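K.L.:
Take these sequences, add in the hints, and give me the full structure.
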Amino acid sequence: MFLSKPCSLALPPDSPHRAVDPQFKGIRRFLLTLLLFYSKQSKSIRGANVVYDRITSQVDTPAIYDVFQLEKTFKTTFSLLVLHMWLVLRRLKEEGKDGVKFGQYIYEMYNHDVELRVSKAGVNLLLTKWMKELEKIFYGNIVKYDAAISPEAHQDDLVNVIWR
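Under full-length UniProt numbering, the residue at position 8 of the sequence shown is numbered 8, and the numbers go up by one with no gaps.
The set of hints was computed from the structure by calculation and includes no laboratory data.
Relax, there's no trap hidden among the hints.
Ranges between beta-carbon positions, derived for each pair:
| # | residue 1 | residue 2 | range |
| --- | --- | --- | --- |
| 1 | A148 | S39 | 31 to 41 Å |
| 2 | D146 | R46 | 21 to 31 Å |
| 3 | I142 | D98 | 16 to 26 Å |
| 4 | A153 | T33 | 42 to 52 Å |
| 5 | G26 | P151 | 54 to 64 Å |
| 6 | L87 | P151 | 17 to 27 Å |
| 7 | I27 | E133 | 41 to 51 Å |
Simulated crosslink set (SDA-like; lysine to any residue; CA at most 25 Å straight-line):
| # | residue 1 | residue 2 |
| --- | --- | --- |
| 8 | K75 | R117 |
| 9 | K75 | M109 |
| 10 | K72 | W163 |
| 11 | K101 | I137 |
Remember, predicted model here, so these are calculated numbers, not experimental data.
C-beta: ideal position from N, C-alpha, C; glycine also.
P.N.:
This is the structure we're talking about:
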């Protein structure tokens, strides 16, 4: 089913996805510190932005549509985005309070991105209604994914939920 072999998820040193905080010195660092650029919240938001960029780079990669023979429509892209978000948020939840807070930053970026994707799809009218509907779908899918990996679930439940 898969066309490629498993590979490391580590980013190569020259990857455009690698994020490095700028290390300024002197007056620049002082001013950025005053503006809270180096605060824990600011660093978390920048980190969440990097993680969300990586999520969308996976969802927007044409190979995933080719491998699974999916038509690239708003619905399939949205479904893949929800699946990736669930995987990330579920993993972050295991990190405790800080992970949940970090996940909230990612979720806020997700909401903004979905709004832009809905607009690009040409559904500018009733955007609020669309966003509420997509939010229901997001949370509904998250609940179904969680139920599918619970100890009581059957072995093929997750596969069935993903492919429905």
